[in-house]
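Colleague: Sequence:
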Amino acid sequence: MRACGRGVLTASIFQGMAITVPLGVPLFFLAALAAGHLGDVTGFSTNATIALTGAGVLHFVWGRYCNYRATRALGTNLVAPVQQFNLILSLLLAIWLLGEQLSVIKIFGIALILLGPAVTMRAGKSGGKAEQAEADAKIAADDEKKPVAFAPKYAEGYTFAFLSAIGYGISPILVRIGLAGQGVGTSLAGGLVAYLAATAVMVPIFLWPGNIRHAFAIDRVSTRWFTLSGFLVFLSQMFMYMAMTMAPVTVVAPINRLSIVFRLYFSRWLNPEHEVFGGSVIVGTVVSFAGAVALSLSTEVVQSIVPLPDVVVRLINWHWP
Numbered sequence: 001m002r003a004c005g006r007g008v009l010t011a012s013i014f015q016g017m018a019i020t021v022p023l024g025v026p027l028f029f030l031a032a033l034a035a036g037h038l039g040d041v042t043g044f045s046t047n048a049t050i051a052l053t054g055a056g057v058l059h060f061v062w063g064r065y066c067n068y069r070a071t072r073a074l075g076t077n078l079v080a081p082v083q084q085f086n087l088i089l090s091l092l093l094a095i096w097l098l099g100e101q102l103s104v105i106k107i108f109g110i111a112l113i114l115l116g117p118a119v120t121m122r123a124g125k126s127g128g129k130a131e132q133a134e135a136d137a138k139i140a141a142d143d144e145k146k147p148v149a150f151a152p153k154y155a156e157g158y159t160f161a162f163l164s165a166i167g168y169g170i171s172p173i174l175v176r177i178g179l180a181g182q183g184v185g186t187s188l189a190g191g192l193v194a195y196l197a198a199t200a201v202m203v204p205i206f207l208w209p210g211n212i213r214h215a216f217a218i219d220r221v222s223t224r225w226f227t228l229s230g231f232l233v234f235l236s237q238m239f240m241y242m243a244m245t246m247a248p249v250t251v252v253a254p255i256n257r258l259s260i261v262f263r264l265y266f267s268r269w270l271n272p273e274h275e276v277f278g279g280s281v282i283v284g285t286v287v288s289f290a291g292a293v294a295l296s297l298s299t300e301v302v303q304s305i306v307p308l309p310d311v312v313v314r315l316i317n318w319h320w321p
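First residue of the sequence shown? That's 1 in my numbering, and the numbers climb one at a time after it.
Calculated from the structure, these hints are not laboratory results.
Don't take each hint at face value.
FRET-style restraints, in silico, Cβ to Cβ [stated by the list, open to error]:
id, residue 1, residue 2, range
1, Leu33, Pro307, 49 to 59 Å
2, Ile13, Pro248, 26 to 36 Å
3, Thr227, Pro309, 33 to 43 Å
On a predicted model such as this, the values are computed, not experimentally measured, just so you know.
We put the CB at the ideal spot given by N, CA and C, even for glycine.
Start from the sequences and build out the full structure, keeping to the hints where you can.
Modeller: Laid out in structure tokens, this is it:
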């Protein structure tokens with residue numbers, strides 16, 4: 001998604017979605033075909049098809065549009081910690097709808113994830129400009145034409161970051177429901193169903209008068225970045241769909257948030273002039289990441305690593321519900 005952040009700086013959100021959403025269809029088609037599970041597309045039950053369709057629309061249309069809007073307004077690094085809320089939503093829905101459980105360790109992880117965005121948002125309001133000025137000075141100290149400092153639009157950015165978190169938080173639940181009882185190979189067919197649904201929603205928008213011309217007016221540089229983004233997101237979703245057939249949401253969703261680490265470094269490399277960097281942003285990101293790691297740990301793993309008193313063992317073995 002760092003490549004999408006780069007592309008959305010020079011092209012419109014619609015142009016980005018016109019490339020990245022339909023691109024997933026041929027990629028998942030080829031993956032399912034290569035795995036010998038293309039025929040499974042027609043084998044899903046009605047409920048499973050509805051769930052996968054909803055997952056595709058929520059993630060690839062709703063979530064992606066809101067993510068692009070948030071990224072354009074805030075930059076990737078300020079958006080990332082806010083979007084950690086999608087993990088909390090996924091966990092709560094997994095407990096409520098799928099009967100999964102929440103342990104003391106996972107509650108601790110949620111607390112860290114809540115703290116991370118608070119640190120980052122506070123930094124964005126009080127020290128973001130100073131941190132950005134320092135970052136800009138490091139970008140091209142010997143360049144006479146330094147890039148104009150990026151000014152985040154906090155209201156728009158945080159609003160769409162939270163809206164994207166809703167889409168990204170609900171979609172894993174629907175994927176899990178749609179792929180319940182299915183094998184790893186069938187998950188590729190499930191991904192194809194989701195992308196087909198998302199593309200079907202995009203087609204009427206794409207065909208609206210003036211939109212086709214606008215979509216094809218995209219420059220080559222942005223086209224390359226969005227194409228790369230579409231391919232990388234396909235790889236991410238392919239492995240996520242496969243994981244959903246083997247592990248519960250309370251395990252897959254937290255591990256998926258490891259992407260927060262790669263965001264930080266790839267953003268510095270790809271979009272240095274459009275990102276807010278500094279100690280507070282890094283602290284907020286690391287805290288959120290620590291929460292994601294805590295959520296991925298089981299009580300058995302903790303007990304095997306650290307010898308604990310009986311009272312502590314009883315505490316960490318507590319779960320809800």
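Colleague: Lying within 49 to 59 Å: is that true of the beta-carbon distance leucine 33 to proline 307?
Modeller: About 51 Å separates the Cβ atoms of leucine 33 and proline 307, which means 49 to 59 Å holds.
Colleague: Starting from the range 26 to 36 Å, see whether the pair isoleucine 13 and proline 248 falls in it by beta-carbon distance.
Modeller: holds (34 Å)
Colleague: Range first: 33 to 43 Å. Now tell me if the beta carbons of threonine 227 and proline 309 are that far apart.
Modeller: violated (55 Å)
The structure shown violates just one earlier hint, number 3.
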